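Those protein sequences? They're chains S and U, same order as listed.
Mapping the first sequence onto this note's numbering, position 4 (from 1) lands on 4, and the numbers just tick up by one.
Mapping the second sequence onto this note's numbering, position 26 (from 1) lands on 1026, and the numbers just tick up by one.
Since the hints were derived computationally from the structure, they do not count as laboratory data.
Since the structure is predicted, the reported quantities are computational estimates derived from the model, not experimental observations.
Some clues are possibly wrong.
Computed from the model, here is a short list of chain U residues facing chain S with C-beta under 8 Å [said to hold, decoys possible]:
| hint | residue |
| --- | --- |
| 1 | G1028 |
| 2 | F1029 |
| 3 | G1031 |
| 4 | P1043 |
| 5 | Y1048 |
| 6 | G1053 |
| 7 | F1087 |
| 8 | E1091 |
| 9 | Y1095 |
| 10 | K1096 |
| 11 | L1097 |
| 12 | F1099 |
| 13 | G1100 |
| 14 | S1101 |
| 15 | G1102 |
From the three backbone atoms N, C-alpha and C, an ideal C-beta is built for every residue, glycine too.
Below are the chains, spelled out letter by letter.
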Amino acid sequence: DAGITQSPRHKVTETGTPVTLRCHQTENHRYMYWYRQDPGHGLRLIHYSYGVKDTDKGEVSDGYSVSRSKTEDFLLTLESATSSQTSVYFCAISETAGTNQNIQYFGAGTRLSVL
Amino acid sequence: GQSLEQPSEVTAVEGAIVQINCTYQTSGFYGLSWYQQHDGGAPTFLSYNALDGLEETGRFSSFLSRSDSYGYLLLQELQMKDSASYFCAQEGSSYKLIFGSGTRLLVRP
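With the hints as constraints, model all of the structure from the sequences given.
Right, dumping it as structure tokens:
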């Protein structure tokens, strides 16, 4: 299994509070991604990174920000959590993105509940 | 935006063969991937097609027809452990994958 660790694995928070999810990899892969997964929607990309301090938005980026200050860590922050952000969040890494074979390896996920 | 279409649910019998179809949009298409996800688990990579034709990996095969903007995942000799959700994902011109909403496969004894 790819060395990807997401923390925390579960979190319950209140509306309006900031929340930060962490993705840590030991594979030294260049590309990192944050997805959310909701019933009926599959995996939707929030933000992604193609290098240290290089990030870009995905299709559902509103209300989220990211930071990548070193290769191994990619942080996802919910600035002010809302109930609509209750979801399962997955981090993924890839070394082959951009080579016409973007194989992604996923972390175990973080289940976030916003009350 | 780009979207992929796949059936929401498929049911098959243990030992049988099942095909899960996926249609995609052609703009910025580089390749089609397939991922498996068991309930409560993380998605795992199964197969990738960049060119037309069939790719075989054990009991699983994936097919692509670029002219039809269509692909499928073929699962042979179905086992109970194959019960899971299967996602097709389109690789575009950036470093991103666009995932379909998934097909839930139920394998019955």
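Do the hints match the structure? See the list:
{"no.": "1", "hint": "G1028", "result": "violated (12 Å)"}
{"no.": "2", "hint": "F1029", "result": "violated (11 Å)"}
{"no.": "3", "hint": "G1031", "result": "holds (6 Å)"}
{"no.": "4", "hint": "P1043", "result": "holds (5 Å)"}
{"no.": "5", "hint": "Y1048", "result": "holds (6 Å)"}
{"no.": "6", "hint": "G1053", "result": "violated (15 Å)"}
{"no.": "7", "hint": "F1087", "result": "holds (6 Å)"}
{"no.": "8", "hint": "E1091", "result": "holds (5 Å)"}
{"no.": "9", "hint": "Y1095", "result": "holds (4 Å)"}
{"no.": "10", "hint": "K1096", "result": "holds (6 Å)"}
{"no.": "11", "hint": "L1097", "result": "holds (6 Å)"}
{"no.": "12", "hint": "F1099", "result": "holds (4 Å)"}
{"no.": "13", "hint": "G1100", "result": "holds (6 Å)"}
{"no.": "14", "hint": "S1101", "result": "holds (4 Å)"}
{"no.": "15", "hint": "G1102", "result": "holds (5 Å)"}
In summary, the numbered hints that this structure violates are 1, 2, 6.
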